[in-house]
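Participant: As a plain string of letters, each chain reads:
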Amino acid sequence: MTYNTGIVLLGACLLGALCGCVGSFAVLRRRALMGDVMAHAALPGLPMAYLLAGGKSLPVLLAGAGVSILVGMVLFGAMRNRTRTQDDAAMALVLASMFGLGIVLLRHVQNVSTGGHAGLESFIFGKTAGMVASDVWLTGGMALVCLAVIALAYKELRLVCFDPGFASSAGIRVGWVDALLTGLLVLAVVVGLPMVGVVMVAALTIIPAVAARFWTESLGPMLGIASAFGATSCALGVLVSASQAGMPSGPLIVLAAAGLFAFSALFAPRRGWVARRIRLERLRLAWRAGRLDP
Amino acid sequence: MASGEVGSLNEIHVWTVVVASTCSLACAWVGVWLVLQRVSMIGDAISHSVLPGLVVSFLVFGTRAPAPMFLGAAVAGLATTYLTRSISSATGAKEDSSMGVVFTVLFAFGVLLITRFARQIDLDPGCVLYGLLEFVALDTRAVLGLEVPRVMETLVPALILTGGLLTLFRKEVLLMAFDPGLARTLGYRPGAVYYGLMALVAVVTVASFEAVGSILVIAMLIGPAVAANLWSRDWRSMFAIASVVAVGSSVVGYALAVATNTSVAGMMAVVVGFACGLAALVSPAGGVLQRMARLRSAKATIAAEDLLANAYRDLERSGRSHRLDDRALVARGWSDGANLTPLGLTEARRLVRGHRLVETYLVVDVGRSPEEVHESAHRAEHLLDAIQRAELLRELDSPHSDPHGSPIPREPEA
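Residue numbers (this note's numbering), protein chains in the order written: chain A, 1 to 294; chain B, 1001 to 1414.
In case anyone wonders, no lab produced these hints; they're calculated from the structure.
It cannot be assumed that every hint is accurate.
[Claimed, not checked] From the derived model, a few chain A residues whose C-beta atoms are all more than 10 Å from chain B:
hint, residue
1, L33
2, M91
3, G102
4, E121
5, I150
6, A151
7, V199
8, L219
9, L239
[Claimed, not checked] Label-pair ranges, simulated between beta-carbon atoms:
hint, chain 1, residue 1, chain 2, residue 2, range
10, A, W176, B, G1164, 48 to 58 Å
11, B, L1168, A, L10, 51 to 61 Å
12, A, A78, B, G1126, 28 to 38 Å
13, B, L1168, A, A53, 49 to 59 Å
14, B, Y1082, A, P269, 17 to 27 Å
15, A, P221, B, F1274, 38 to 48 Å
[What the hints assert, rightly or not] Reference listing, derived: stretches of chain B covered by chain A, where coverage requires no fewer than 3 residues with Cβ under 8 Å from a Cβ of chain A:
hint, segment
16, 1053 to 1067
17, 1080 to 1091
18, 1098 to 1109
19, 1190 to 1204
20, 1221 to 1228
21, 1404 to 1410
For every residue, glycine included, the Cβ atom is placed at its ideal position computed from N, Cα and C.
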């Protein structure tokens, strides 16, 4: 393993842990698909930042993506609050229209610039080959900051996710906590863009969280397991992508997460398929033997 | 030779617009139901997850013929809905989370297959996302002596299938969208209708796949329906409006894309988004501008009514007679207080009568003290009509004065 691969691996693990952690809260608060909308809405920001700032340094591009996501969220909010459009229709519309705008702008960048734009398309499916140490320090640093924020606001986030009514009667401003959660989700998506790509970064916030749900009933362990799953899938995806030329890392990371998910769905104690099967069989045997109270 | 080239260029323009319109029409018709049933994001999920179905079916059958492609897509679409429900019931996870798991994994699998078998499939992962509408008109087949783009072979059957099924099962789908409870009571099978609709989404997505790709197809599915829903509440006119928006955004999107030399499907998605924004602003059924105008006119009405009622009370106190001038509500001559014309007097009587009846009602029937009822009556006076005033009068046994001792004016003739 070269020094660069090691650095990228470290960044990938931090990213996976962050997405698993933020995703758990998002899934519990029923915002799972918001991450998908955000990720697609980020696309126009990349060519826009490239055109305005005239370069493709990662901080500038990611800032553009962040701004673009915020524009998408404002449009979504306006659609939902000011018109009678339903949540899910507004989500789908913002997702697809912003993505369309992104494609239009990407094509425009291809037309106007003479080379040097080649990096932008790799944001669609994710690519780790071109990442340098400074990029990793940036994404890794952002991931660490987010994790610290989660640790600080842990109590509030937990209350709002499980019992928003009680949280607000206990003096917690649910609106602010939701805004914090949205902000964290935006950051997780933005951090994930270079490695996992626009199309699949949302999967990294959803799959580890739902997989962790098979193993535990309480939040603390769920966060730990989801983070571990996220980090493992990112690391696996990055390693395979580095060894296979031309393989985008995004789908590989998602499939690694899918593997962990399938393992959890089958073999988790109590909730897994095997455990439930065994329980059912035991029940059936007990019933046949007449040892079961009706 | 030169004229032949111009002719073929025109032909390409026309055929591209025809392909775009056909595919967005089919999408829009299905989309109206998705939006009415509030399952738009399931359309998003299915449009992603048909990809592996498509690729596997191509790898197995080795052909792009419509039948195997539709089959693979329908299987993938149904698998998505089925797996989503199974994961939800196993984990207790919300339906949207399990949907997020299923479609992203299937999509990732499809993208990987395409990357791996790129040479056999001749599709690059990029056009999976945003289609190749620019090039569909170049790949033609002769049908009845006419050179027709190959994708029409799948698009036209898909359009006919969609239109046919939605017409045939109009009643069932309509009932499902507006009253699933009643549908169940009447013995229809909501599950069957639901899965049928999902299979239709899969078929339409696959047919549109080469033209607009799997993400931009969501704009064609949901956008026209959202715009139509903003414009009308009647499902028939929703269909008409969605069709117009679909075809219109295909034409406008294509023209803009050619003018700016960018992706046609991307531009169509942007135009659809703008159409929805426009509908949200200027719709005559609850658009932002209309609501603003209504609010402003309500504010102006209330201010004018308050002015009239105050002028009436002023007149009542001073005992002056009113000047006759029926062109205005409040006559000129403010030096000794306002004066009312007959028209104004009628309006003012109506308002003050309502105000004092409500005050009486609040004191006599509700039991509040006379000092605190003015504010409530002040708000209610703008909302009462003649029938409500008559009902109040009956309820209160025709009082002559309000709790403050002021006479209640008689009801003016209509």
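Participant: The structure should be examined with respect to each hint, and the outcome stated for every one.
Facilitator: Cross-check of the supplied hints:
Once the 10 Å rule is applied to beta carbons, L33 (chain A) is inconsistent with being away from chain B; the minimum gap is 5 Å. In this structure M91 (chain A) is not separated from chain B by more than 10 Å, as the shortest Cβ-Cβ distance comes to only about 6 Å. Annotated as non-interface, G102 (chain A) brings its C-beta within 10 Å of a C-beta of chain B; the closest such distance is 8 Å. With a closest Cβ-Cβ approach of about 7 Å to chain B, E121 (chain A) is found to fall inside the 10 Å limit, against its non-interface label.
The claim that I150 (chain A) is not at the interface with chain B holds, since no C-beta of that chain comes within 10 Å of its own (minimum 19 Å). The Cβ of A151 (chain A) lies farther than 10 Å from every Cβ of chain B, with a closest approach of about 24 Å, so its non-interface assignment holds. Consistency note on V199 (chain A): stated as away from chain B, yet its beta-carbon is not over 10 Å from all of that chain's, at 7 Å minimum. The beta carbon of L219 (chain A) sits about 14 Å from the closest Cβ of chain B, which is more than 10 Å, so the claim that it is off the interface holds.
Remark: the non-interface label on L239 (chain A) is consistent with the geometry, its nearest Cβ contact in chain B lying 15 Å away (cut-off 10 Å). Here the CB-CB span from W176 (chain A) to G1164 (chain B) is close to 52 Å, well matched to the stated 48 to 58 Å. For L1168 (chain B) and L10 (chain A), the Cβ-Cβ distance of about 59 Å falls inside the hinted range of 51 to 61 Å, so the restraint holds. Between A78 (chain A) and G1126 (chain B) the CB atoms are about 31 Å apart, so this pair conforms to the stated range of 28 to 38 Å.
Against the hinted window of 49 to 59 Å, the Cβ-Cβ separation of L1168 (chain B) and A53 (chain A) comes to about 55 Å, which satisfies the hint. For Y1082 (chain B) paired with P269 (chain A), a C-beta distance near 25 Å keeps the hint of 17 to 27 Å intact. At about 47 Å, the beta-carbon gap between P221 (chain A) and F1274 (chain B) stays in the expected band of 38 to 48 Å. Counting residues of the segment 1053 to 1067 of chain B whose C-beta lies closer than 8 Å to any C-beta of chain A gives 0; at least three are required, and the coverage claim is violated.
For the segment 1080 to 1091 of chain B, the stated coverage by chain A is satisfied: 3 residues place a CB nearer than 8 Å to a CB of that chain, which reaches the threshold of 3. Note: the segment 1098 to 1109 of chain B has 9 residues with beta-carbon separation from chain A under 8 Å; the three-residue rule is met and the coverage holds. Check result for the segment 1190 to 1204 of chain B against chain A: violated, 0 residues qualifying (beta carbon to beta carbon below 8 Å, three or more required). Counting residues of the segment 1221 to 1228 of chain B whose CB lies closer than 8 Å to any CB of chain A gives 5, so the stated coverage by that chain holds, three being the minimum.
Counting residues of the segment 1404 to 1410 of chain B whose beta carbon lies closer than 8 Å to any beta carbon of chain A gives 0, which falls short of the minimum of three for the stated coverage.
Checked against the numbered hints given earlier, the structure breaks hints 1, 2, 3, 4, 7, 16, 19 and 21 and satisfies all the rest.
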